[in-house]
Structures are given as C-alpha cells and as structure tokens.
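Which chain is which? The protein sequence lines are A and B, in order.
Residue numbers 0 to 267, in numbering that gives the first Met the number 0, belong to the letters of the first sequence in order.
Residue numbers 0 to 267, in numbering that gives the first Met the number 0, belong to the letters of the second sequence in order.
Treat the hints loosely; a few may be bogus.
Intra- or inter-copy, both count: the list cannot distinguish identical chains.
[Unchecked claim] Okay, derived cross-link-like pairs now, DMTMM-like style, lysine to aspartate or glutamate, Cα gap no bigger than 25 Å in a straight line:
#  : residue 1 : residue 2
1  : 261       : 80
2  : 261       : 9
3  : 261       : 142
4  : 261       : 68
5  : 261       : 177
6  : 261       : 235
7  : 261       : 71
8  : 261       : 132
9  : 261       : 180
10 : 261       : 15
11 : 261       : 168
12 : 261       : 162
13 : 261       : 182
14 : 261       : 101
15 : 261       : 111
16 : 261       : 122
Honestly, the hints are just simulated from the structure, not real lab data.
2 protein chains.
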Amino acid sequence: MKETTAYAFDADTRIDSGAAPGQWRVGVSARWNIMGVPDGGYVMALAVNALRAQIAHPHPLTVTGHYLERTEPGPGVVVAETLRTGRSLSSGMARLIQEGRERARFLTAFTDFGAAQGPTLIEAEPPAIPPLDACTRARMPSELGEQLTLRLDPACAGWLRGEPGGPADVRGWIRFADGREPDPLSLLFFADAFPPAVFASFGATGWVPTIELTVHVRAVPAPGWLRCRFRTRMLERGLMDEGGEIWDSAGRLVAMSRQMAKLRLTDG
Amino acid sequence: MKETTAYAFDADTRIDSGAAPGQWRVGVSARWNIMGVPDGGYVMALAVNALRAQIAHPHPLTVTGHYLERTEPGPGVVVAETLRTGRSLSSGMARLIQEGRERARFLTAFTDFGAAQGPTLIEAEPPAIPPLDACTRARMPSELGEQLTLRLDPACAGWLRGEPGGPADVRGWIRFADGREPDPLSLLFFADAFPPAVFASFGATGWVPTIELTVHVRAVPAPGWLRCRFRTRMLERGLMDEGGEIWDSAGRLVAMSRQMAKLRLTDG
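Okay, chain A solo, but in the shape it has when bound (with noise of 0.2 Å):
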C-alpha cells in the first residue's frame, strides 16, 4: 500500500494553517480539471477536508455546495466556521477564497457513522448494472479523466458511439485510478464525476455548469468498485437537476445527490 499523500485525491485536498484560526490554505489542483475548470465535487471534498479539521464528528453527511465563481486552479483559503456542535451531528460552513472572492460556498452537517443508533428500513435497491467485463470503458475529458476509471453500462452508453437519444441515465462503476479506495470525503467528489445523464440524450455537446449540488453520505464505504446511477428528471428552459445514487462493493447505498445545474448546448 502507498503511503497516504502518493494517492492524488489525497495530495489535492491537503490542507496547512492558516493565518488566523478557521482559516486554512490549500491548493486547488489542475489534476481534477473538467474543460479547463476544476470539478465542482472535488472542490467541495476539499473545503470540506478543511472544515473537518475543527468539527468534533469524522464523517460529512450532508453538504450542499453554492457554486459563485468560477474556482481557479492555485492557492486559496478556506474560511471554515463551526455552527454546532451537538452529541451525535455538528455544523458548519466552509467559503472558498481565492484573490480576495469567494468562489464557493458550503453548508455541512458532520456525524460518526460508527456511533449511530436507531431503526433501519432499507428500500432502495441498487441499479442493475452489468458486470465489469461487460461494460463499455469510458474517459470523462481533461485532466480529471486521468484520475478516473470509469465503465458505462453498454445500454446507456450510445452517446460514446455517435447515437445519443437516450433517457438522461447513465449507470455505471467508477474508482480512482491509482488504487485509492473510497471513503466518505471522496464520495462528495464522485457525486459530481461521472458524465453529465443528459449526454446520453443529446450527446457530449454541451457544458453543464453546477449552481447547487447537495450529497447525502449515508455510510462509510467499503473498498472497491463503485456502483452508481445517474438521472435527470427534468430539464426545463435550460435549468437541470441531476440526482444520483452511489452503491459500494458490498451493496450498500452510500450516497446520494442532486444537484441544480444550467445545460448550455454548444450547438445553440
């Protein structure tokens, strides 16, 4: 096993003090670039990351990011404020700084998956996805395709042969590619990796800039593959949602998302 920081999610969502408490520095890396501007979940794990470093419970359970200027790849700062520190669920806020403007915005309850107590009743079921070997390999573009290994489900994967058309669903499994499992700060970034489920209908034409995205970590996830659907309900006048569903190796629902996002078609 490499040691921790070789894994590069890792080394990118490194945080160091800052000049004052509640302030941290970080880097914004290139590597997680999608057209040239870093990945809107990647961006979130990483003010998040920073954020975790002063709240009393491990594990993110729900973040919902507010996307107002375009992140840069390069140094910044995370304004981090702690809101709440309850028994079982904290609170806080994480602002993204860069040159002076915040360019994101972050609310998050906090909690110990391994502390919870409570009934359980389980009824969603995970997507039926076939078999690695028989899906079609795919690679998201620009940098952020290097970190990822992706494989659609050969039924939702038509855009990639020139036939789009489809419902906007795209299931498939997805990992790091240098071997780093899954745990629940990456699962905000995955929430936000995948294609975008309406380039099954119109094609990788288009640019799908994120407003909101809200991600639900249900539990912490066990390593391997993992299993994730995709779905846009209703596009309208150019305003999208995009829920999704992240299953681990073992079956197990462990995150889910929306997000509210514009689509710009570079056709017009």
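With chain A held as given, fit chain B onto it using these hints.
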C-alpha cells in the same frame, strides 16, 4: 378574492425592515407548529421571503436549510446576505436569529422563471394518485393541521387506520385550508408539510426532526391542488432521507425536495 394579507401564509411570512440594511424583522407564527415546533418548511419560506426582498431575481430556485437549534414561535431577525447578482441567477444566505441565537441558516439561488431560456427535456411523470373524492381525508396534528387540506391515496394510508407496515411512500393532494393558491415561495413550505413517509411503515409513533432540507423549485405552479409524493429510500440507524415531488394542477413538476432527518420512535 381576499386581500393578500388575509391569507394565513402571507400574514405569517410578512417581513419588516430591521435595524440595519440586510436585517429583517419577522414574527414566527405558532399557527404552523407541529408538536410545539414551527414547521421547517414554513421557517424556510419565512427566511427566504426576507432574503428575497433584497435580491434581484424573484423566484427561489434552490434552497438549502440547516436547522441548528429549535425555532420558537415569536419575534426574530433574519440577517440576509446577498452573495452574487448575475444575469439569470442571484445567490444569497439568510440566518434566522432569535434571542441572540442562530436557529437556522439558508443558502439560496434565485432566478426568474419567466425569463429562463434553453433546451427542455422532461422525463418525470406525475405519480398516479386516485382523484380527490376517492382519497382519504387526513389531518396533520397540532396547529399545522388547521392550515392545510390534505387527501391521501388510500393505498398508502393504512397507518391512519392503525395498519402500518407499508412502504415508506406517501402520496396525496394538498392545498392551503384558506384557499390561498400555491406560488414558488409556498412550495418551500409544502415540501415539508406532508406526514413523514416513514409513518406509513412505523405508524405515527415518532418525531422526525429535520437536519437539512433542500428544495428545488422548478416552475411557477398553476392554481389548484398540488399532487405530491414523498418517499424514504433508506433509514439507517436513525438517519433517513425523504425525497419529494410536487406537481401542480396542470400536471407540471413544480418542486423536488430532499431532506436528511432523524427518526426518533416514541416507542423506543
């Protein structure tokens, strides 16, 4: 038609200028209490109404609330911060303060649905719910019940007849008891106004405090009844999601919601 302020929801989300710019005096009404606590969707609508007074775009598009401390009926101040003003979107944050303590914090993006432009693709279909006169009259307990008219699909109302054990899935029709028509602001309230979906499984034997609630408003609703479906996909050791869809009388998807909540069963 009554004057606007004759409707309970309008009267109880009224705001007044506060001591400084960005401060809004509000009164949290007890008329929206559930088990002694103001409904979280009502508190969201109240805070967002204050924030909206200083924002360039009229319609809340995506709102996330974190409920930090119990809100109390009585006076409060909403401290509102405009984060970004763009061409088609604006963003802001609202904090509800009572007796010097922050009770809830809301991150919001606003838009103008009348001005939205771009491609449309609608894959969602409205839930099948029997017509109104075939549905079961239900009433939320406490003061909240008096503000709502609620009709549940009999197929998911067994728990009202002392027969829980069904899936965590509640469907039905809702509107304001005093005839006020729905609008984007009140959809924030309706997203948290149904009985919890887990009551269909466990019976109405618990308390479901919201940790975080996110509502995506998708369109200006037509007048009339709202057709709703709320489901819990996974309750795990006391932590649960609840996702909702709200459709208007014209068959349009007007809001999607998801919350993270605790379930505390009365029976233990």
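Evaluated hints:
For the homomeric pair residue 261 and residue 80, the shortest alpha-carbon distance between copies (23 Å) is at most 25 Å, but the shortest distance inside one copy (29 Å) is not. With identical chains, the CA atoms of residue 261 and residue 9 are never at most 25 Å apart, being 30 Å at best within one copy and 31 Å at best between copies. Proximity of residue 261 to residue 142 under the C-alpha cut-off of 25 Å is restricted to the intra-copy arrangement: shortest distance 22 Å within a copy versus 39 Å between copies. Within a single copy, residue 261 and residue 68 get their C-alpha atoms as close as 14 Å, which meets the 25 Å cut-off; across copies the closest is 34 Å, which misses it.
Taking the shortest Cα distances, residue 261 and residue 177 never come within 25 Å of each other, neither inside one copy (31 Å) nor across copies (37 Å). Taking the shortest alpha-carbon separations for residue 261 and residue 235, only the intra-copy value of 10 Å comes in at or below 25 Å, while the best inter-copy value is 33 Å. For the identical chains of this complex, residue 261 and residue 71 are intra-copy neighbours only, at 19 Å inside a copy versus 37 Å across copies, given an alpha-carbon limit of 25 Å. For the identical chains of this complex, residue 261 and residue 132 are neighbours neither inside a copy (34 Å) nor across copies (40 Å), given an alpha-carbon limit of 25 Å.
Taking the shortest alpha-carbon separations for residue 261 and residue 180, neither the intra-copy value of 31 Å nor the inter-copy value of 29 Å comes in at or below 25 Å. Neither within a single protomer nor between protomers do residue 261 and residue 15 lie at most 25 Å apart by alpha-carbon distance, with minima of 34 Å and 34 Å respectively. Proximity of residue 261 to residue 168 under the C-alpha cut-off of 25 Å is restricted to the intra-copy arrangement: shortest distance 17 Å within a copy versus 30 Å between copies. Proximity of residue 261 and residue 162 under a CA criterion of 25 Å is satisfied intra-copy only: 23 Å inside one chain copy versus 44 Å between copies.
For a Cα distance limit of 25 Å, the shortest separation of residue 261 from residue 182 across copies, 23 Å, qualifies, whereas the shortest one inside one copy, 29 Å, does not. With identical chains, the CA atoms of residue 261 and residue 101 are at most 25 Å apart within one copy only, with a shortest distance of 20 Å there and 32 Å across copies. When the C-alpha separation of residue 261 and residue 111 is checked against a cutoff of 25 Å, the pair qualifies only between copies, where the shortest distance is 14 Å, while the shortest distance within a copy is 34 Å. For the homomeric pair residue 261 and residue 122, the shortest alpha-carbon distance between copies (17 Å) is at most 25 Å, but the shortest distance inside one copy (31 Å) is not.
Violated hints, listed in ascending order, are 2, 5, 8, 9, 10; each of the other numbered hints is respected by the structure.
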